Amino acid sequence: GAVVSQHPSRVICKSGTSVKIECRSLDFQATTMFWYRQFPKQSLMLMATSNEGSKATYEQGVEKDKFLINHASLTLSTLTVTSAHPEDSSFYICSASPAGLAGGDTQYFGPGTRLTVL
Amino acid sequence: DQQVKQNSPSLSVQEGRISILNCDYTNSMFDYFLWYKKYPAEGPTFLISISSIKDKNEDGRFTVFLNKSAKHLSLHIVPSQPGDSAVYFCAASANAGGTSYGKLTFGQGTILTVHP
Chain Y
13 GAVVSQHPSR VICKSGTSVK IECRSLDFQA TTMFWYRQFP KQSLMLMATS
63 NEGSKATYEQ GVEKDKFLIN HASLTLSTLT VTSAHPEDSS FYICSASPAG
113 LAGGDTQYFG PGTRLTVL
Chain Z
21 DQQVKQNSPS LSVQEGRISI LNCDYTNSMF DYFLWYKKYP AEGPTFLISI
71 SSIKDKNEDG RFTVFLNKSA KHLSLHIVPS QPGDSAVYFC AASANAGGTS
121 YGKLTFGQGT ILTVHP
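So the protein lines, in turn, are chains Y and Z. Counted the way the working numbering counts, the first sequence spans residues 13 to 130. Counted the way the working numbering counts, the second sequence spans residues 21 to 136.
Don't read these hints as lab results, they were simulated from the structure. In this text, all values refer to a predicted model and were calculated from it rather than measured experimentally. Each hint should be verified, as a subset may be incorrect.
Stated by the list, open to error - Cross-link-like lysine to aspartate or glutamate pairs, in silico, EDC-like; alpha carbons within 16 Å at most:
#1 K53/Y - E62/Z
#2 K123/Z - D100/Y
#3 K58/Z - D21/Z
#4 K91/Z - D79/Z
#5 K26/Y - E71/Y
#6 K76/Y - D39/Y
Stated by the list, open to error - To be clear about the criterion: a stretch of chain Z counts as covered by chain Y if any three or more of its residues have a C-beta under 8 Å from a C-beta of chain Y, and this derived list gives those stretches:
#7 64 to 71
#8 76 to 90
#9 124 to 136
Beta carbons: idealized from backbone N, C-alpha and C, even for Gly.
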C-alpha cells in the first residue's frame with residue numbers, strides 16, 4: 013500500500029521549453045502532496061505544498077510562476093517547469109500523505125523525475 | 021539555516037554489526053521525526069518514525085531513539101546487512117498548524133555502506 017508514482021522518470025528538453033511532471037497516489041487519496049528538489053549529493057529541499065482544489069504554497073525563494081503546480085484531484089498533482097533553463101536540471105520528487113494535512117503524518121515518496129535541460 | 025543536520029556524510033560497517041546513524045535538530049517546534057532510506061535515482065522509502073512524546077520506537081532491525089533535551093535522534097540497525105547500504109535521511113516536522121503542517125525538513129543524508 014501507499015504507492016506513489018511519477019511520470020516521466022527521465023526527461024531531456026531544450027532550453028526555453030516547458031516540462032510537465034505528474035505525481036499520482038495509486039492506492040490512496042491525498043489531499044496534500046509535496047514537491048521536492050534534490051541537487052547531487054544534497055538534501056531534499058521542499059519546493060511547495062500542493063493542496064487539492066486550491067493554490068499551492070511555495071517555499072521562500074521558489075518562483076511560483078516558473079514552477080506551476082496543479083492539484084486537480086485527490087490522486088494527481090502536476091509540476092510544470094516553464095521556460096526551463098540548464099540551472100533547472102535536477103531530480104524532482106513528489107510525496108503524498110494518506111492522512112492529508114494531519115501534522116506529523118508519514119509522507120510516501122514517488123520514484124523521482126530526472127530533468128536535464130540542454 | 022540547516023535546521024536538521026546529519027554531520028556524518030558516510031558510515032562503513034561490517035555485516036552483522038550495528039549501524040548507528042545520527043541526526044541533530046535545532047528547531048524546538050519539531051515534534052515528529054522520520055527516517056528514510058534512499059537509493060540513487062529513486063525516491064526515499066519510509067523506514068521508521070517517532071513522535072516527540074516517545075523516546076524510542078522499534079520495528080524489526082530498526083530502532084529510533086529520541087533525546088529531546090539534546091535535540092538529537094539516532095537510527096540503530098542491528099544486525100546490519102549488505103542490502104542496507106543506501107543513503108539515509110532523517111526528517112522532521114512541526115505540528116504547528118498553518119502552512120508548516122506536515123511539512124518535512126530533511127537532513128543532508130548519510131551514506132551507509134555495509135560490507136559482507
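Here's how the hints hold up against the structure:
A C-alpha spacing of about 13 Å is found between K53/Y and E62/Z, which places the hinted pair at or below 16 Å, so the restraint holds. Our distance criterion of 16 Å between C-alpha atoms is broken by K123/Z and D100/Y, whose separation comes to about 23 Å. With a CA separation close to 23 Å, the supplied pair K58/Z and D21/Z exceeds the 16 Å bound. At most 16 Å may separate the alpha-carbon atoms for a hinted pair to count; K91/Z and D79/Z exceed this at roughly 22 Å.
A distance of roughly 26 Å separates the Cα atoms of K26/Y and E71/Y; the hinted pair therefore is violated under the 16 Å criterion. In summary, the hint linking K76/Y to D39/Y is not supported, as the alpha carbons are separated by about 29 Å, beyond the 16 Å threshold. Counting residues of the segment 64 to 71 of chain Z whose CB lies closer than 8 Å to any CB of chain Y gives 5, so the stated coverage by that chain holds, three being the minimum. Three residues within the 8 Å Cβ limit are the bar, and the segment 76 to 90 of chain Z against chain Y gives 0, so the coverage statement is violated.
Evaluation of the coverage hint for the segment 124 to 136 of chain Z: fulfilled, as 6 residues show C-beta separations to chain Y shorter than 8 Å, against a requirement of three.
The structure fails hints 2, 3, 4, 5, 6 and 8 (numbered hints given earlier, in ascending order).
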